[in-house]
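Novice: Chains L and P supply the protein sequences, listed in that same order. Per this note's numbering: the first sequence = residues 1 to 147. Per this note's numbering: the second sequence = residues 148 to 524.
Incorrect hints may appear among the rest.
Simulated crosslink set (PhoX-like; lysine-lysine; CA at most 20 Å straight-line) [to be verified]:
| no. | chain 1 | residue 1 | chain 2 | residue 2 |
| --- | --- | --- | --- | --- |
| 1 | L | 141 | L | 10 |
| 2 | L | 10 | L | 81 |
| 3 | L | 81 | L | 47 |
| 4 | L | 101 | P | 237 |
| 5 | P | 375 | L | 101 |
| 6 | L | 81 | L | 140 |
Facing chain L, a subset of chain P residues (Cβ under 10 Å, in silico) [claimed, not checked]:
| no. | residue |
| --- | --- |
| 7 | 166 |
| 8 | 167 |
| 9 | 193 |
| 10 | 202 |
| 11 | 210 |
| 12 | 211 |
| 13 | 213 |
| 14 | 217 |
| 15 | 279 |
| 16 | 280 |
| 17 | 287 |
| 18 | 298 |
| 19 | 355 |
| 20 | 356 |
| 21 | 461 |
| 22 | 465 |
Calculated from the structure, these hints are not laboratory results. C-beta: ideal position from N, C-alpha, C; glycine also.
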Amino acid sequence: MGIVEWAFRKSPWILHFNTGSCNGCDIEIFATLTPKYDMERLGALLKGSPRHADLLVVSGPVTRQASGRILRIYEQMPDPKKVVAVGTCCISGGVFSNGGKGSCYNVYPGLDSIVPVDAYVPGCPPKPEAILEGISRVVKKTGVDPK
Amino acid sequence: MSSSYERIFDIPIGPQHPALKEPAMLKLKVDGEHVVGVDLDVSYNHRGIEKAAEYRTYIQNLYLIERICGICNVAQTLTYCLAVEYLHGKEIPPRARFLRVLAEEISRINSHLLWLGVAAHEIGFDTFFMHVWLDREITLGLMEALSGNRITSSYNVIGGVRRDVTEGLLSTIRKGLDELEPRVKRYREIVLNDRSILKRTQGVGILRSADAVSTSAVGPTLRASGIKSDVRIDDPYSSHDQIPFNVITADGCDAHSRILVRLDEIMESVQICRHCISKLPAGPILQRLPRRPPQGEAMSRVEAPRGELFHYISSDGTDKPYRLKVSTPTLANLPALVRMLTSKGRYVVNIADVPVILASIDPCFSCAARVERSGGA
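From just these sequences and the hints, can you work out the full model?
Specialist: Below, the structure written as C-alpha cells:
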C-alpha cells in the first residue's frame, strides 16, 4: 500500500452529484453527513469541486442531459478515484426503466453504462446506515490487491 | 469613457456546484457585483415521467408518481389518488381521510425542517444546519413508524391508505410531536434574534405582493408576500374542512419572512396532527375501487409543502391513463424567482445573495423538470 492509498483510506473526500434523482437519495446522503449518522468520523468530508474529491457519490437515474456532465466530472477527479452508486435508480434505472415499453425515454439503464462503478447501494432510498456501509466498504477495498 | 469591452458578464453556476443540491444551470448576467439578469435551465432532472405514465396501469403509476419528488412524495401520491378517485366519483372512508391528513402534515413538517437546514447552510450557518437536521430525524422516525419507510412512504393508495394505526403508534406520534415543538420554538427565537441570519436574509430577495400575484407565485413564497392563499382552505380536500387551523402569512416580502412563514407552518402542522390523532374516526381505511375508471377527465389540487400541486388525468376507460399532466409548485415559483434575482431601480441583488434567494423559494428541480431544453448538456 503506497502513500496515496494510505491517504485515501484516512480521508475519503466526497463529491455528490445528482444525475436526475427525485431527491430521496440526496437527502439521505446529506442525512448521513449530519450528527445522527456522522460520516465525518470516517474522515469523509463533502467537497464542492471534483478536483478535491476521491469518492464520487452519485444518486438518481442518469438522464440524457446529465450523462455528459457525469463523465466530465469523473474525468476531472484525480486518481485514485472510486464511484458509489446510491439508490436503485442509479444502479439500474429503477422505477423509471422497466425494460421496454413504459421506460422513461430520457433515462439510461444505470450509471455503469457511463462510468465504472465500485459499489452499489440498493434501496429506494437506501437508509443512511446502508450508504455508510457502502462507502466504508469502498474505502476498505482501496489499496488491497483484488487478486 | 466609453470602452470597447463588455460591461456585462455571464457567470455560469451549475449544474454541479457547491451551492446547489440538484443539477440546475443558472447563467447570471452581472454588472460588477450586481445581478442584472438570469437565465435558468432546470431540465437536467427531466426523466419523462408523464409519457411513461401512459404505458402503466393506474396502480403501477402510483409508485412512479411518488418518485417525481422524494421530499413531497406524500403530496404527490395524494394528488394523484384524489384525481383517480374523482374519476371514479367515489368518496373514501373518513378514517382514511384523517390518516391522509396526518401523513401529509408530518411530511410537511419534515420538508420545512429540511428546508430550514438547507437555508441555514446557504447563508453559511452550518451549526444551525446540523442542529435542525438532527431534529428532523424525529419526523423521519414518525414517518417510518407510520408507513414503514423514512422517505418514500407509499402511504396513500387509490381509495384510502395502506396501513392502519394502533393506539401505541398514535401515542408514539404524540410523543414525537411533543419533543419537536419546543425545538421549533427555539429555532424561531434564533431566526428572530440571530444577527447573522437577520443580516443575510432581511431585505434580500424582495417579492412585493403585486409581483407575487402577477408572477403567479404559490405556497409559502406567496404567503410571505402577505397574500392569504392556501388550497387547504380555498378548496378543501381530505378532511381539512373539519380541522381548525390558521393560514400563516407575513408582510416582510423577503427571505426572512419566508423562513418565518415556514416555521409558523410547522407549528400549525403540529396542531393539525394532534387534532387528527384526537378526533380520528373509527372504520375502514380502504374503499376498493375498480381497476378501470370510467371515461372522463379529472383535476385535483393539493397544498404541497412548497405550494399548490396540480394533477390532471384524462381517462379513456382502459386501465391506463390516456394522459397525465403534473404541474408542480416549483415550476409556478420560477417566474417569481427570476423577478427576485434581477436588480431593478433601487432594488439591488448581489452575487453573494443568489444562493439565499434561490433557497428561499424552496426549489425542487426534480419536480420542476417537466421539459427538456434542446442543445443543453
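Novice: For every hint, state whether the structure bears it out.
Specialist: Hints versus structure:
1. 141(L) - 10(L): It holds: about 13 Å lies between the C-alpha atoms, which stays within 20 Å.
2. 10(L) - 81(L): Between residue 10(L) and residue 81(L) the Cα gap is close to 14 Å, so the pair holds against 20 Å.
3. 81(L) - 47(L): 14 Å, holds
4. 101(L) - 237(P): 31 Å, violated
5. 375(P) - 101(L): Measuring from Cα to Cα gives roughly 44 Å; hence the hint is violated.
6. 81(L) - 140(L): This hinted pair holds, its Cα atoms lying about 13 Å apart.
7. 166: This interface hint holds because 8 Å falls under the 10 Å limit.
8. 167: Interface hint status for residue 167(P): holds (9 Å vs cutoff 10 Å).
9. 193: Hint on residue 193(P): holds, closest Cβ of chain L at ~6 Å, below 10 Å.
10. 202: 3 Å, holds
11. 210: 6 Å, holds
12. 211: 6 Å, holds
13. 213: 8 Å, holds
14. 217: 3 Å, holds
15. 279: 9 Å, holds
16. 280: 4 Å, holds
17. 287: 8 Å, holds
18. 298: 5 Å, holds
19. 355: 30 Å, violated
20. 356: 30 Å, violated
21. 461: Violated, because the Cβ-Cβ distance from residue 461(P) to chain L comes to roughly 18 Å (cut-off 10 Å).
22. 465: 14 Å, violated
Violation of the numbered hints given earlier is confined to hints 4, 5, 19, 20, 21, 22; the remaining hints are satisfied by the structure.
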